[in-house]
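Trainee: Chains as they are written, first to last, in UniProt numbering: chain A, 1 to 879; chain B, 1 to 187.
For the record, the hints were derived by calculation from the structure and aren't laboratory data.
Heads up, a few of these hints could be off.
If we take Cβ atoms under 10 Å as the criterion, some of the chain A residues that face chain B in the derived model are [as the list claims (entries may be wrong)]:
1. Gln415
2. Ile608
3. Glu645
4. Asp678
Virtual Cβ for every residue (Gly too), placed ideally from N, Cα, C.
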Amino acid sequence: MTAIKHTLQKDLFQPNEERLVAFVHVTKAGKKKRSSFLCATLSVAEGMNQTMVYQVKKAEKGEVYKKKMTRYLRDLKVVDGKDARKETADFDLHFEKVYRWTASSIGERDNFIKYIWKLSQRYLDQKPEFLNVPKKLMEESKHVEKGHTSMEGMDVTGIAEDYQALTTKEEQDLDLLMSECQVAISNAEVFAEQLSKQLSVLDGANIHSIMGSEDQVLNLMRLLDDGIQQAEKIEEKLDSYNVILQVVKDQMEVMKDKDTLINISTKNHKKLLDELEHLVVSLDLDMKFQKALADGDLSSSRGILECTEAAKELEKSVSADIHPALRKMAAVDEQQKKFAKISSNFAKRLSHHLNNFFIHQGNELGETLSRHSGDLKLPQHNSIHRDLIPYAELMLWLKNADISNFNELSKVYTQSLSKLYVREVQDFFDCAKLHLAGKGDRSKLGSVGGSFTGSKLSGSSTSLNKYIEARGRSSSVQSIDSVSLSYSSNINVAARHLFDQVLEKVFSELEPVCLAEQDFCCRFFHLVSDLRKDSGQPQEVHDSDGEIWMPLNPKITVERQINEEVRNMLGALFPTLQADIDDFISFADKLDGFNSMYLLVKMSQHVINTQDAGSFLSKTFASSLVRIKRNFDSFIEMQIKAISETKVSKKSKCGIISFVHNFEDFANLAESIFKGSDRHTDLDKGYTKLVAAIFDNIERIAVDHPKTPKEVIRMENYHHMFSVLSTLKISSLEGDKKKAKHKYQDSLTFYTQDRLGRPLEKLHVFIEGVKGYLSQGVKPEDVGYQLAFSKQELRKVIKDYTGKDVKKSLEHMYKKVEKHLSEEENLLQVVWVSMQDEFIKQYNDYEELINRCYPDAKITLEFTINDVLDFFSDIARSH
Amino acid sequence: MREYKLVVLGSGGVGKSALTVQFVQGIFVEKYDPTIEDSYRKQVEVDGQQCMLEILDTAGTEQFTAMRDLYMKNGQGFLLVYSITAQSTFNDLQDLREQILRVKDTDEVPMILVGNKCDLEDERVVGKDQGAKLAQSWDCGFVETSAKAKINVNEIFFSLVRAINKKNPDTRGGKKSGKSKSSCTLL
Ligand SMILES: Nc1nc2c(ncn2[C@@H]2O[C@H](COP(=O)(O)OP(=O)(O)OP(=O)(O)O)[C@@H](O)[C@H]2O)c(=O)[nH]1
Ligand SMILES: [Mg+2]
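Using the sequences and the hints given, assemble the complete structure.
Mentor: In structure tokens:
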């Protein structure tokens, strides 16, 4: 049993914070099978004295118990023990219906009933009736007294078999009682008897007092009956009042309904009124506006203002927010038709007016304009724009009201204005060309086109002339002299300065006119307002690549389209601009290749640094820039071609080749043009190609020349290139500078050694022979014993080279070198010093070898080192 | 020798010039100078055939877009270059390709899709699969390159030459064999 109890407590009641107080193993009365448990529990949750009765069943399988029925103890009305006297295991529990049970044993039943009684005594206000239950089951334990704390009250919930100790007070009472009867200890039986006697006395007294109170109870009952009767009377009264009030209430409800109906209808009235007023107001166009639209003056600024205001009002009315249902009203329909008519009439009137205005402007300005010439100026159209801008708002109205008329108008505008622009732009560029070519001395300008071939060498002139003719100029003014002017001569500087100025002017005239027109078109034809509206957020689509140089952020297509619209309009207004610029570019290029450099620098400034990469002007300029770049490239190619076709005179000594000579001026001029430009890289690429071509062709000419030795040509020209590159300090040519230096030094050494082989030729041959023996392993001391290289032989050879002879042959050599070298490059001194060094080196070399191989012979050369130094300086001085 | 006109297209700063200069001169240009237009010539041997390549390096910046039609008309094969570090440069190519097809008025134009700067793996934003997928839909070659690290630089130019050969087999070679045949029959 305890095991089951423990299980039940743990599985079923603990989780709900309940404590199993008593339980009984029962079967339903009559049916023997399917037993279950009735459990009485007490909630142990804080502040709760919930008592429950459960029927618990064991599941068919396993040791699992389930609550089958749950009842509050307070709902228990009757506990029927069936028979108070006869011992029976049956009992009934009366909840909402009667449950009949048979306990498994009488003891269990009694125990259960006892605890039910105890629980109800302690925790229930409305206690169940206990019928046919043995009295002994319905007794408080003796020691339980009123006023006990609920803690002690928990005893009831304690397990029945628990031993309960006496409290001190009970102990004292017991002591007192026992001390009153001394016999107690010695004779328990007597004592017990005595006690039971006393108990029965007390019982009797108790019954007596209960019986005594019966009268009072009867009295009380009577009073209660009276009270009930009174209450019933009052209730009746109240009911009658209620009936009366019910009628009033019904009436009130009817009134309330009516009130809401009235409210709704007034509200609707008001709404209807508002709607109508709104309708009337929005569809009402003031007569003064109607008049303005019908025949307001479109040529005075006041008239325009009035019309603008009227048009705005009209638009408001036309686009008024009217419920579709209302549109079905005849009045509304009529009014709208009227508006449509006013609108279309006004649109016609406006279009007509502007149409005439555009055509008039196109023609009139065209006539006055051409007398502009002389000055390099592109006429501004500010006045037209000023005249037209007041119509801008009307144009916006027209765009919304009548798009086809609007489009027609913009077509007329572009057509008539483009006629004007075409003429103006052409005149402008003609004028610019005139400035470049016509004004001033043609021959001076004509001489600008230099190339590397333009040297003083007459032999080179033919190719140059052809080249100039190819560039489309009259060759009559060409003379070799004019071509030979270096790139930096004063006249050329002036001519180039002129070009720079003209170019500056072209840009400063062209750009504002285009931008002003673009600006005007955007405002007048409302191309940009859309852009602003539509592209609120496109700017920062910048990817996180962090490449700041990334010039193109992807623009949102809307913006692209708008840009396209503006661009198309400007393209239509300036249909020949691209061709005119390109024409000017090729004209300038033909005039002088350096002009392409100026153009490249100037144009790229405008194109690469533009804020507005997609604009008409930027794109036009960019396309021109590509053409300019091509011209620049072909200018460089042309120079290279000229270099590779250069021929030098075969009659005289070579000297500095013309293209080497001209490179310095070319580079200086180019540098001055590209100063500070970020297109210097393009020039650098050109330089690299040019210098490579120059080096190649120095070699070509060096090999071919009949008069001047190869090494001299190389030496002189590379030296020249080196010094030019050193002064130019062009960083991209550093490598070429070093290359030139090496080539120069190599050829100097080679030349020096080559020339010096001669003056002491026999000695040289002798020494070489000695060296040959030595290198075969012959000991230095033994060389003298060879027949061909005996001391005597050596003495003989040395004797041939007296100081006088040496000086003479050196002098001869000097003359030869002088003949080879050009005055221009002035390397004679350098070569002479180099030869002196080389000679002394040889001298030391011979002496050392002689000392080594003929140690005791005391053989020396006929002249000393000092003699040599004197010879060299004497010769140099005397020339 | 057969001549090939190759055009390098793509947005600004993707490395068109760097690739071209690396291919032609074997050097890497670190500095960024926006190109206006540069043309190069280089003789190479592809599949045992000597070829003269005429390479046009174009401007990527927006101002120059007006010239594109001309480039497309004259070019025989195209390198469409983007940078794997900038999504927008990849997106721009779709328009470019459509323009080429429009100008050439054919669906089969030799071109190679090139994803440059593949040495900058850390900054990659365009996946390799993205490039491959686009190339597949265009039915053209796709290569990721680095002008800086000399990865696949020659390959893209060679592939383009092969693509041109495939579309237009060398007619002169064919003629030659034809002639020799006919002379044989004459004999
Ligand atoms: N890390 C890395 N940088 C590169 C690579 N290719 C080019 N760059 C750099 O990217 C920048 C732009 O390269 P460019 O070749 O000038 O670009 P582009 O495409 O010719 O530009 P535009 O001429 O304006 O159209 C330069 O600073 C190059 O050094 C590459 O493969 N790897
Ligand atoms: Mg470039």
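Trainee: Less than 10 Å between beta-carbons is the criterion; does Glu645 (chain A) satisfy it with respect to chain B?
Mentor: Violated - the Cβ of Glu645 (chain A) stays beyond 10 Å from chain B, reaching only about 20 Å at its closest.
Trainee: Answer holds if the nearest beta-carbon of chain B is closer than 10 Å to that of Asp678 (chain A); otherwise answer violated.
Mentor: holds (7 Å)
Trainee: Quick check on Ile608 (chain A) please, does its C-beta sit within 10 Å of some C-beta on chain B?
Mentor: holds (6 Å)
Trainee: Using the nearest Cβ pair, does Gln415 (chain A) come within less than 10 Å of chain B?
Mentor: Because about 23 Å separates Gln415 (chain A) from the closest Cβ in chain B, which is outside the 10 Å limit, the hint is violated.
When held up to the earlier numbered hints, the structure conflicts with 1, 3 and fits the remainder.
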